[in-house]
Every structure is written in C-alpha cells, then in structure tokens.
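Chain residues, written in single-letter form:
Protein chains: 2
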Amino acid sequence: MSKKQIYKPKAISGFPEWLPEVRRVEQLWMDQIRSVFESYGYCSIETPSVEELDVINAKGGDGGADVDKEVYVLERLHKDDDDKEARLALHFDQTVPLARYVAQHFNDLTFPFKRYQMQKVWRGERPQAGRFREFYQCDIDVINVDNLPILFDAEAPAIIWEILSSLPGMENENIQMRISNRKILMGLLDALGVAEDNKVIVTRLIDKFEKLPHDQIKNLLKTDAGLNDEQIGKIFDIVSAKNLSDISAENDLMQEGLDELSYVMDNIPDGAGIADLSIVRGLDYYTGTVYETVFVDDPSYGSICSGGRYDDLAGNYINKNLPGVGISIGFSRLFDRLRIQGKLPVSRKCPTDVLVLPARDDDGKGAQEIARTLRAGGANVEIATAKKLQKQMAYAEKKGIPYVWFAEDGEVKNMESGEQISADPKSWKP
Amino acid sequence: MSKKQIYKPKAISGFPEWLPEVRRVEQLWMDQIRSVFESYGYCSIETPSVEELDVINAKGGDGGADVDKEVYVLERLHKDDDDKEARLALHFDQTVPLARYVAQHFNDLTFPFKRYQMQKVWRGERPQAGRFREFYQCDIDVINVDNLPILFDAEAPAIIWEILSSLPGMENENIQMRISNRKILMGLLDALGVAEDNKVIVTRLIDKFEKLPHDQIKNLLKTDAGLNDEQIGKIFDIVSAKNLSDISAENDLMQEGLDELSYVMDNIPDGAGIADLSIVRGLDYYTGTVYETVFVDDPSYGSICSGGRYDDLAGNYINKNLPGVGISIGFSRLFDRLRIQGKLPVSRKCPTDVLVLPARDDDGKGAQEIARTLRAGGANVEIATAKKLQKQMAYAEKKGIPYVWFAEDGEVKNMESGEQISADPKSWKP
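Each protein sequence line maps, in turn, to chains A and B.
For what it's worth, the numbering used here labels the leading residue of the first sequence as 1, then goes sequentially.
For what it's worth, the numbering used here labels the leading residue of the second sequence as 1, then goes sequentially.
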C-alpha cells in the first residue's frame, strides 16, 4: 500500500449483486423455497461449483444443444508447466452434477432419492441485457432404480404451486404451470409414421407453438420435417386440444401418455396447473410428463420453472437404469423480474429489530446487558454508536429498524406508530 | 445418447462434497451461524463468485502474500477471437469483494455498515491432503467512515464465542480465541528504534511464535531483522507477558494498544477469549486488535477463526477513509475436522419427520390428504411408494425418518421408542 492508486470498481455484466435490502428479500425467498422443498421430504445436496470437463462432455443433460459453447473453464493463474490435472469447468446446470453425484455415491443413497439443490450456475454467454452469466437455480428431482411411481409427477406441480403462491411480492402475479406428456405426441408421430430423425424436428417446432405464427410452423413442418397436410392437421388437432377427453389414442404409447397426464391433472391441487399439449420441451432428454411455467400476462418472458420426467438420469456414468422426474425454478430470472418491476417488499436494510440507545454516562455495559437479554428472547439487536440522539434516530430510520430502546428511561419506541412504552427487556417481544 | 459409453465419475481433489446426512448438519451449522450474526444486526450481502482480475490485483487484502499464485481465472470454452472483456477470477477471500462492494455502493449504504457474508471461496493451490480448493468462509465486518468505535472490537469475539459454543457437535471442543493489539508490538518496535523494513520481518517471525522454537526465532531476529540481544529480550518479554498489567508502555502508540486491548478483554463474555501478545497476524493490513482461534489440544491445526481491525478497507477503490474490524470463520476447515473425527451429529438422511403409509386400496388421495394436513401443521412429510410394509419400514429406517403414519389405522409409530398411538393429523405434532 505504498502508492495509492484508485481503481474505481464497476458492476460486471451478467453477474448480479444486490444491496442489503434486496438481498434480504432474496434470503426470504430462498428460505421459503427450502422450507416447502423440505416439507415434502426432499434432502439438500450441494455439489462443487466445478465438474471435470470430461464429465460435462459425457452428458448433455437438460442444458440445451449449444451448451458446450457456454461453459466457463478454470485456469490457475500461475499454473505449473507440468500440470497434468483434469480440466475443470463451472457447472452450467444442476442436472449434470446430480447425475454425476447419484452415479458416484450410488451405494450410499437411499432410493427413491428425493433431493433439492439451490446453487449458482454459470453460463459464459456473451453479455446482453437481462441475461445472467451467474444465477441461482432451485431444483428438485426424485430418482429411483428401474421404476418411479407416477405420483411424483403430480408432486412437483403441487410443490411449485405452493412456492410461487407464497413468495413475498408474488401475491398478485398471474402464473400458470402448463403440463403435458411427451408420450402423447410421440405416440401420435409413431402412428403417423413419422421417421425418427423427423420426430426431433417436429418436437423442436412444436416447442415454438406460442412463439411462432402457426402458419409458419405448418410450413416448416412441411419443408423441414417432410410432413403432409393430413399429418400436420392431426398434429395440430392434438396440440391445440382444450380437453383431454376429446382426444382418442391412436396407439398404446399415446394412451399411456393420456393416462399419465390425466392422473397428474387429477392429483394436483386446484389451480396448480393446466394441461397443455403444445408443451413438449425441446429436448430428447424428457420422456413423459413435461412442465413449463409462464406469466399469463407475458408468456414471451419464457418459462420460469420447467422440467419433466426422464428415463435415464445417469446412463453415461453408471450401468443402472435410473428414471426420475424433476423441476427447476429459474430463481434469478424470476427474482430479478419482480425486482425491476418494483414488486419486491424491499424495506429493511438489516435484520435488526431493536436499536438500543445507551444511557447517558453509560460505560456501555448497561446497553450491552439490555441487548443480551433481548437477544436471548429472540430479537436481533444493535447498540447505537452515534452520540447524539438525532443521529441515533436517523440511523434507525435509514436502516428501517422497527424499534428503538431508550436505556436511560427503560422505554421502547415503535418507529412506525410512534408509540413509546415502558418495557422490561426480559419479557418484551418485537 | 445413441452409444452408451460409461464415464465413471470420481471425486475432484480439493472440492468437497457431502452425502445428504452430512450436508444436513452443514445446513444446521450455517443456519446457526447466520442466526447469531443476525441477532447482532449484521445484514447479509452476497457478491458474485468472480471479480475482475484488475480489482484483485489492485488490493492485497487479507489474502496473504502469495495469493496471486492461487487465483482461478475463468475462460469461456469457446470464446470469440474478438473477446475484449475484462479477465474474471474466482474470489479467493471475502475481503477483496467486501472492499470493492463498499466502494462501489458507498452512497447506498448506511454506516456503520455491519455485514455478514457466507460464501464459497476458491484457491487454485496444488491439491494436497486436507487442503481445500473450494471452501466456505463465514465473515463479519463492521465498516465506518473515518472512525469506528472500539466497542465493535469486543463484539466480534462475543459473536464467535456464541457461535462456536452452540454448533452441533462442538460441545466438547476446547477452543480458545487469542486476542492482541498490534499497536503494542508496533509501539515497542518504534521505541526500540527498529527500521520500517525490519518491522515487517519481526511481525512475520513473531507470527510463528507457536510454530518455531523460540531460540530459532531469536536467531532469525538477529540475522534477518538485525536486532540486538537487548531488543530481542524486550520483544520477548512483551509477547510472552501473561498479564496486561505487567506491561508498561514505552510510548503513546503502545499505551493506546494496551488501553484498547484492556477495553476488549473487559467487554467480552467470560471465557470468550484470552489476551495473548504473541498474536500479531502476519499481515500489514491489520492495525489494531487481532484475533486468532485455536483448538487448545491441537494448536498446530492452525487458526480456525481469524481477523482484526484495519484502518483502510478500500483505499485502492475509493477516496474515503474506511476503518473496520472483522473476523472470518474458516467454516469448511472446522466442519471437515469434526466430520473426519466423527463428532458431527450425523443421523437423518432427509428432513422428513413422517412417512405416511397409504391405506390398502387407497387411490393415493387419502394419504395425500393426511400428508397435506400434517404439512400445514409444520411437519415434513413423505408418502411411501413401496407396496409392501416391510419395504416401507426399511425405507423409513434407512433414511432415519422418526415417525411412520399408518393411514389404514389412523395410528402413528415412533420409530425410536416403538410406541404406536392413535392420532389425528390435524392436532398431532412430531
């Protein structure tokens, strides 16, 4: 520190950071999500921020096709020339880490394995407005060996519905989970004689059902997937169907999909979601139930909570058949939307419930004794360090501290109502 | 997934990962630490995992001299050739991020700014047994503009003592915080006429007071710092002093240090720490109070909780005088020690309180209704999916679920005591 050169710091694009009053709401959200996950018996796991690059490359997961472009690789700044270690990359989702975790610890886990995971993930995309390069995801998955009961497909929407309707600031949001089952479309495509390669193209196009004009999708189904008008008509009938009972299955797979979807819709709480057969998720990874969740007033914002059922979690890492069902809350995208819209209940800048003002000529111990007693009763307490009353009160106001305790008079003031009463720190509660 | 090639995953050296039952205790620890931090009014902040490399280089912080060797730099796997972005590095501590945060958001913060931060940090050291490359630190700091009352120097030990004596599994650990004030030694070196350059050498040597034989330190003080026997004798008298009142100040700085240390010792709870003048922390960064915390039975394990007072948090980022005092719990090192020693209360593999066994011929809704009611009462509940009673009970036992609810009979069984009673889900509590 011999020469003082000021390096003025600035925000790093794509790496969000909140002021304490916003972080406080973020914590409330995290606590609430965790609490609901746990109320359904999901256990927490946390995996390292990194995976070996070979592990990431061995598994596509739910990361999307272009995900290898988005990976951040670590380099030691002063690495040795003889460095023979495996290359490490920050995880870009929590599905690859889960698959690796389950394979690695298979013998130590009890199945069905119900886990939640709330961690940061990283995607090294080019920075652009509204795109995060570091963000939180909150995932749940249930994994079983060989066979996983359909009841878990109905549990995920119930959990998400409970969470989304209880997050502070979300009270007035009109959010809708849309649920489908890929077996229905896949069965139909089988029945229509669509070739394997073209099935992928069809699902990718149907995945854009809400984004692209339907005439354009129909054209692309012709030109890119080689379908004829009759096939396209049947597909559109199904994915536009308003009522499951209007659909008649053309083969066993389609019937299975309809039965599973009916079971799910029958077993979720009222209002937790609607059946929508245009939901397919663009990924081959999903094999049955699929979920997406949108703001009804702004579906173009995209899904804030997606997932589904898959046949094979970790086939690339372990020779076991591990079907599962999972769903992921895009925490940061959801949180930041409400933050920007000014809908978060941002108020207090600190967890402090009470600011204790020391008595005149107090050596500090009197105020400390009061603070200790209040803390033992469960309150969060600070002791004022400013000397003048005016500054002390200004501090409480600026930080949004709801109560001020006057040690001199043994009185406590409610900063919002202005009411001031005598109180005993042993019995008083905020 | 056309060809199935098994890539068997393994642990990555230095990146710890726990099974669910260990992670559960880690969460209990985190919750307890957060709760105590908040009870003293500290607010949470969370900074991005990365800082610009220039920001890290502009500030040494509390990271130690060789820290630039240990930084992990990020590279996008497929970065564009015209990539002109700033280089990003994972943070190696929480002091650099705090300094940058306070400078960047200075106008939006209320001072004294009391913040806690519980995040992962990364150090790209060569892997070796017992060394983490990714680990948690739990830090508190209080920052003020121009002047920070000494009362906060006494608050930090109180908080740490409260935490360390309440973490599950730590009940029988004999832990000692050792507190000193650098002004005492610095004042003495002034009084002894030791040159500036040699002061650094002296503090680095005294920092090894417990690790090296004292004769060796005395020799090095002679050869490396050019001190004579009388100077060395005086230094040893001071750093070995058992009682603060035995020391007489040789100048104002020394007296200031003695007064401050006496205040701190006077204002911490009984048992929260001892004065130990051999504690200096090897870093120029600290200017007053310094803390270290060791296992009394195994001081060679090193400090698990260190910190101190500094004059100037963010002088490299902002033209403000920002003194502070802070302390950092080396969470992962502490936690992993107890884990390896088998002292953590590891039991349940999940948060589930109750496993509900559906009635015979139940379509699932009866069990779901019971589960919903129990959850509304605050219990964490799963529904059994195995069909046979024996498998259901084995699942509860393996996962350590304390209660099993028999929907058929309306009875609940305490798995530990074996007691089974009739119960109403509306009123029953675990």
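If you are wondering where the hints come from, they were derived from the structure by calculation, not from laboratory data.
Incorrect hints may appear among the rest.
If you anchor each label on the Cβ, the simulated ranges turn out as follows [what the hints assert, rightly or not]:
(1) A/E230 <-> B/Q27: 55 to 63 Å
(2) B/K391 <-> A/S417: 56 to 64 Å
(3) B/V296 <-> A/E419: 47 to 55 Å
(4) B/E397 <-> A/K8: 57 to 65 Å
(5) A/E171 <-> B/V296: 29 to 37 Å
Each residue gets a CB set at the ideal place from its N, CA and C atoms; glycine is no exception.
Confirm or reject the claim that A/E171 and B/V296 have a C-beta distance inside 29 to 37 Å.
Given about 53 Å between the Cβ atoms, the range is violated.
Given the hint of 55 to 63 Å, is the C-beta distance from A/E230 to B/Q27 inside that range or not?
holds (57 Å)
Given the hint of 57 to 65 Å, is the C-beta distance from B/E397 to A/K8 inside that range or not?
Since B/E397 and A/K8 have Cβ atoms about 60 Å apart, the given range 57 to 65 Å holds.
Holds or violated: 47 to 55 Å for the Cβ distance of B/V296 and A/E419?
holds (50 Å)
Using the C-beta atoms of B/K391 and A/S417, is the stated range 56 to 64 Å upheld?
holds (58 Å)
Hint 5 from the list above is the single one not met by this structure.
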